[in-house]
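The listed protein sequences derive, respectively, from chains A and B.
If you want the numbering used here, it's the 1-based position in the first sequence plus 38.
If you want the numbering used here, it's the 1-based position in the second sequence plus 136.
Since the hints were made in silico from the structure, they are not lab data.
The beta-carbon is built from N, C-alpha and C at its ideal position, and this holds for glycine as well.
Do not rely on the hints blindly, as some may be mistaken.
[Claimed, not checked] Mimicking BS3-like on lysine-lysine, the simulated pairs with C-alpha atoms at most 30 Å apart in a straight line are:
1) A:K81 / A:K176
2) B:K325 / B:K280
3) A:K372 / A:K338
4) B:K313 / A:K82
5) A:K338 / A:K81
6) B:K313 / B:K325
7) A:K176 / A:K372
8) A:K207 / A:K176
9) A:K81 / B:K317
10) A:K108 / A:K81
11) A:K372 / B:K280
12) A:K338 / A:K176
13) A:K372 / B:K325
14) A:K81 / B:K280
15) A:K207 / B:K317
16) B:K313 / A:K108
17) A:K176 / A:K82
18) A:K108 / A:K338
19) B:K317 / A:K176
20) A:K207 / B:K184
21) B:K317 / A:K372
22) A:K82 / B:K325
23) B:K313 / A:K372
24) B:K325 / A:K207
25) A:K372 / A:K207
26) A:K81 / B:K325
27) A:K82 / B:K184
28) A:K338 / A:K82
29) A:K207 / A:K81
[As the list claims (entries may be wrong)] Residues of chain B placed beyond 12 Å of chain A at every Cβ, according to the derived structure:
30) L160
31) N164
32) F168
33) I176
34) I187
35) P191
36) N192
37) I223
38) N291
39) V302
40) L306
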Amino acid sequence: MEVTSDVQTRKLPFVYRFITNWLVTDPNIIDKYELYDKENQPKKNYQASRHQNVPYIYLLGGRWRTIRRKPINVMSIIILIVPMVLFLVFDAKWTWRHVSPSLVILFVYFWLLSMSFFITAAVADPGIVPRNIHLPSKITHSQIAQAPEEYFYTVTLPYHYGNDGVTVKYCSTCHIWRPPRTSHCSVCNCCIINHDHHCVFLNNCVGWRTYKYFLWFLLTSVTAAGLLIVISFVEVFHYRLVDNSSVHSFHQSIREHPVSLLLAIYGCLSVVYPLLLLVFHLFLTSNNITTREYLNYVHKHPSSDYINVYDSHSVIRNLYINWWGRASSVTLVKQSDTYQPGDIRFERVQPLSSFNA
Amino acid sequence: MNDPNSKYECQNDTSKESSVKPPLQFFNPHEFMVTNENPILPKENEAKLVINHFPNIYEPRDSLAYATTRIIRIPRIYSTVRDSDFIPQFSTYVPGSEPAAISNEDITVFEAKGRYDDAEFGYTSLTPLVPGLISETEFETIVKTINQHLYDSLNPYNGHLFIENVLEFLTGGVYSKVINKYLFTGYSKRRLQDLEAYIEHLNTEVFKGRDGLKIINPRLSGFLSVC
């Protein structure tokens, strides 16, 4: 069997190793080509992930992550950057001198905030739970020989108030007893704490650690888009607002400031979706319910009496908890840590099945 | 919970609090039962074994520690504080004495009745941990301290957390990435570091004489259970 000996005996050049082992790492490809032999064991956790169908790609040495799907987040970033570049090149100076420097500063500030929150929400760990923690018995040949029946029931445990409890379920893929509100994302193939939804535009899940950045992104991007609309319209209609303008008609104004009209239209179009999302999430957070719970229980069956036990029955409190009260806390599975050989959290164990041969 | 009597009560009653559901009881969902196929004493294979301790997954599978130690999982409890969906709290019930645990009035300590998966188990939810290896008060103190650290760290109504979140919003996330990492640690992380220091203290000093007894840092287990 001399198939992989070529790859193993040749030392890979530094640039290649830098790019594939630090800059952009796809552990599934590493697994496929068996780039690690006995001496070259994976040094960090992110290089060692061996799970099936987990489409994570790690960037910058495991510090950032993204999903191996269509790169819609790159398109979103371009949509964010384009108006800023156009504004800075064409309109910023004019607005600074003729209208007010504060508008420019405010717009740039909110744009920077929204960009930063977008990047954080898109590359941060959303709250992934370590796998294989609650294995019921010893593993033989990468699987559990006999799965206990109890692990397939949904358990209801008492909650802090009221008689309605919280439901706790065992995830057969991740082999853990999930806390309430923790859900298994089908795209990322991981369990995520307080899972809200999988955002295609971020190419990442929105969960415990990324929810507040997501909300802040929505807020700041709507503000920035609003400011852009105001600035652009003021620029286009400036001739009507002042007496001693050299411009006397709308057509002339557009010829003088063509990019402003473009930016005004761009702002109006691009504010629609984030504004809708913002309103939707304001509604959700004021009831302390996640998107997933809302779509699965409230929206699908409007007549059923779904009781949201997490609602603290005070809009202010619910809003506070979600917008200002969450700690980012710690990553539970630190991918940039050194890999300990034999760490079961990165081993592949077959999902628990109830059909036992 | 699916009691047919309470379902019909719902329909006739007009008040909102009409559904008379029996109060839910807490138990450890990690336990399960198997038939006693390898009994310790030959005639004792009628009742089912309660599996309440598990292989030690924190050691590599070919090590001695894996073969000789087991893990007891203290589950999370959701009825003690509000917002327990994101503030992990662990049950202070002695394993085996939860309200809905499998118990027997005659059996008050762990008694091995059968073998399964290379380890010994009994007929009730009691484990060899308490009072075998730790006393009840010690167990409660440990879990209560861990719970307190976690609560301090993640409680959203904490003034520190609010100020840090506002700062983070105003600086666009730079606060937590740059200043927190390189200048001083954020409040939430400091409390979690306190927790890790406490566990370290327990493992090295308090459990010194007791061979093989160790508490695994909850962060390793994803705050899912204390082992």
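Here is how each hint holds up against the structure:
1. A:K81 / A:K176: 26 Å, holds
2. B:K325 / B:K280: 19 Å, holds
3. A:K372 / A:K338: 37 Å, violated
4. B:K313 / A:K82: Distance of about 21 Å is within 30 Å: holds.
5. A:K338 / A:K81: 47 Å, violated
6. B:K313 / B:K325: 13 Å, holds
7. A:K176 / A:K372: 25 Å, holds
8. A:K207 / A:K176: 21 Å, holds
9. A:K81 / B:K317: 23 Å, holds
10. A:K108 / A:K81: Answer holds: K108 (chain A) to K81 (chain A) is near 29 Å, not above 30 Å.
11. A:K372 / B:K280: Roughly 26 Å separates the two Cα atoms, so the pair holds.
12. A:K338 / A:K176: 40 Å, violated
13. A:K372 / B:K325: 14 Å, holds
14. A:K81 / B:K280: 37 Å, violated
15. A:K207 / B:K317: Outside the cut-off at roughly 36 Å; violated.
16. B:K313 / A:K108: 28 Å, holds
17. A:K176 / A:K82: It holds: about 26 Å lies between the C-alpha atoms, which stays within 30 Å.
18. A:K108 / A:K338: 29 Å, holds
19. B:K317 / A:K176: 39 Å, violated
20. A:K207 / B:K184: Holds, at roughly 23 Å.
21. B:K317 / A:K372: 15 Å, holds
22. A:K82 / B:K325: Judged against 30 Å, a Cα distance of about 22 Å means the pair holds.
23. B:K313 / A:K372: 15 Å, holds
24. B:K325 / A:K207: 29 Å, holds
25. A:K372 / A:K207: 25 Å, holds
26. A:K81 / B:K325: 26 Å, holds
27. A:K82 / B:K184: Violated, at about 43 Å.
28. A:K338 / A:K82: Violated. K338 (chain A) to K82 (chain A) sits at ~43 Å, over the 30 Å cutoff.
29. A:K207 / A:K81: 34 Å, violated
30. L160: 4 Å, violated
31. N164: Label violated. Min Cβ-Cβ 10 Å, cutoff 12 Å.
32. F168: Nearest chain A Cβ is 4 Å from F168 (chain B), so the label is violated.
33. I176: Holds, because the least Cβ-Cβ distance between I176 (chain B) and chain A comes to about 19 Å, which exceeds 12 Å.
34. I187: 7 Å, violated
35. P191: 5 Å, violated
36. N192: About 10 Å separates N192 (chain B) from the closest Cβ of chain A, which leaves it inside 12 Å; violated.
37. I223: The assertion about I223 (chain B) is violated, with a minimum of 10 Å to chain A.
38. N291: 8 Å, violated
39. V302: 7 Å, violated
40. L306: 8 Å, violated
Violated hints for the displayed structure, listed by number in ascending order: 3, 5, 12, 14, 15, 19, 27, 28, 29, 30, 31, 32, 34, 35, 36, 37, 38, 39 and 40.
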